[in-house]
Every structure is written in C-alpha cells, then in structure tokens.
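Peer 1: Sequence:
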Amino acid sequence: MKDETIIQDSPVGRRLRKIGQKNIRCLLFNGKEIKVTSKMTIGRDKQNDFVIDDGMVSRFHLEIQQIRHSYFVKDRNSSNGTWINGKRISGGKYIKLKPGDTLRVGSRIEMTMI
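Quick note on numbering: the UniProt record's numbering labels position 32 of the sequence shown as 32, and the sequence is numbered without any gaps.
Bear in mind the hints are in silico, worked out from the structure with no lab data behind them. Mixed in with the good hints, there may be bad ones.
As the list claims (entries may be wrong) - Below are the DSSO-like pairs computed for lysine-lysine, each with C-alpha atoms no more than 27 angstroms apart in a straight line: (1) 39 <-> 93; (2) 32 <-> 46; (3) 74 <-> 39; (4) 87 <-> 32; (5) 87 <-> 74; (6) 35 <-> 46; (7) 93 <-> 46; (8) 96 <-> 74; (9) 46 <-> 96; (10) 98 <-> 39; (11) 93 <-> 35; (12) 96 <-> 32; (13) 46 <-> 74.
Stated by the list, open to error - Ranges of calculated distance between the beta carbons of each label pair, as one might list FRET restraints: (14) 46 <-> 110: 17 to 27 angstroms; (15) 9 <-> 34: 17 to 27 angstroms; (16) 45 <-> 67: 18 to 28 angstroms; (17) 4 <-> 93: 36 to 46 angstroms; (18) 29 <-> 76: 16 to 26 angstroms; (19) 51 <-> 4: 48 to 58 angstroms; (20) 4 <-> 76: 49 to 59 angstroms; (21) 110 <-> 4: 42 to 52 angstroms; (22) 37 <-> 88: 20 to 30 angstroms; (23) 10 <-> 70: 21 to 31 angstroms; (24) 38 <-> 4: 31 to 41 angstroms; (25) 47 <-> 83: 52 to 62 angstroms.
In this text, a Cβ means the ideal position worked out from N, Cα and C, and glycines have one as well.
Given these sequences and hints, build the entire structure.
Peer 2: Listed below in structure tokens is the structure:
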C-alpha cells in the first residue's frame, strides 16, 4: 500500500470531507435531547411533533426540515417570532442551522442544536 496524500477536491477527498462534517442529530431542551426528524413542527398545539406549553409560543410556531444533509428552520409566521443566536428571523423563509445554534421562542425558551 502506498502512502499518498488525498487531494481535497478528488472524489475520495469530497467523500471524506462529507463524512467528517458534524451533523445535527437533536435539540437540547431543558437538559433533554429531542431527536430531530427529517421534518418536525414545534408549537403550542398538540398536533405538533414537539409541543411547548407556553402562552408566548404560537400554536404552530416553527418547523425544522432536513434538506439534503443539512437542517433548516422556518418561522411559521408566529406572533412573537423565532430567534437564532439572538437574531430574529423572517417568517416563511428557511434558514440553515449549524450545530451549536440556539433557537429561542416564546418567553425565553431556548433550544440548542447538537
């Protein structure tokens, strides 16, 4: 076996980079890990995949969706907004999430992507 350097832009290099990327697997909420599915909704209504019982959270507040190998969040035009790392996001637009991002909804309810 030869000892050769793998070129980053080669097919093997691209595959290795993809394998090495950190992927989001769950939300950390109140010390509990909640598995992130390919599409999940969060809000106060019991029809959501993840229910938050807080009057400041809209019934259908936000959704998290996997697109290819990444996760995105979309505020579903909630009354009090969705915040990523302290910045309010626009309703109806998908924003890419990264591991370590903190989502805030309602009365200071925070979830961290891990």
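Peer 1: Does the beta carbon distance between residue 9 and residue 34 stay inside 17 to 27 angstroms, or does it fall outside?
Peer 2: violated, 37 angstroms
Peer 1: Residue 46 and residue 96 were given as a pair; does the straight-line alpha-carbon distance stay at or below 27 angstroms?
Peer 2: Holds - the C-alpha atoms of residue 96 and residue 46 are around 26 angstroms apart, at most 27 angstroms.
Peer 1: Can you confirm whether the C-alpha distance between residue 96 and residue 74 stays at or below 27 angstroms?
Peer 2: Roughly 9 angstroms separates the two Cα atoms, so the pair holds.
Peer 1: Between residue 46 and residue 110, is the Cβ distance one that fits in 17 to 27 angstroms?
Peer 2: Taking Cβ atoms as reference, residue 46 and residue 110 lie about 22 angstroms apart, which means the hint holds.
Peer 1: CB of residue 51 to CB of residue 4, is that within 48 to 58 angstroms?
Peer 2: Holds: the Cβ-Cβ distance is about 53 angstroms, inside 48 to 58 angstroms.
Peer 1: Check whether the Cα positions of residue 87 and residue 32 lie no farther apart than 27 angstroms.
Peer 2: holds, 24 angstroms
Peer 1: Is residue 96 close enough to residue 32, meaning Cα to Cα at most 27 angstroms?
Peer 2: Holds, at about 23 angstroms.
Peer 1: If you check the beta carbons of residue 29 and residue 76, does the distance land in 16 to 26 angstroms?
Peer 2: holds, 18 angstroms
Peer 1: Quick one, are residue 35 and residue 46 close enough, alpha carbons at most 27 angstroms?
Peer 2: holds, 18 angstroms
Peer 1: Does residue 74 sit within 27 angstroms of residue 46, going by the straight-line distance between their CA atoms?
Peer 2: holds, 19 angstroms
Peer 1: Take the C-beta atom of residue 38 and the C-beta atom of residue 4, compute their distance, and say whether it sits inside 31 to 41 angstroms.
Peer 2: holds, 38 angstroms
Peer 1: Could you tell me whether the CB distance from residue 4 to residue 76 stays inside 49 to 59 angstroms?
Peer 2: holds, 50 angstroms
The structure fails hints 15 and 25 (numbered hints given earlier, in ascending order).
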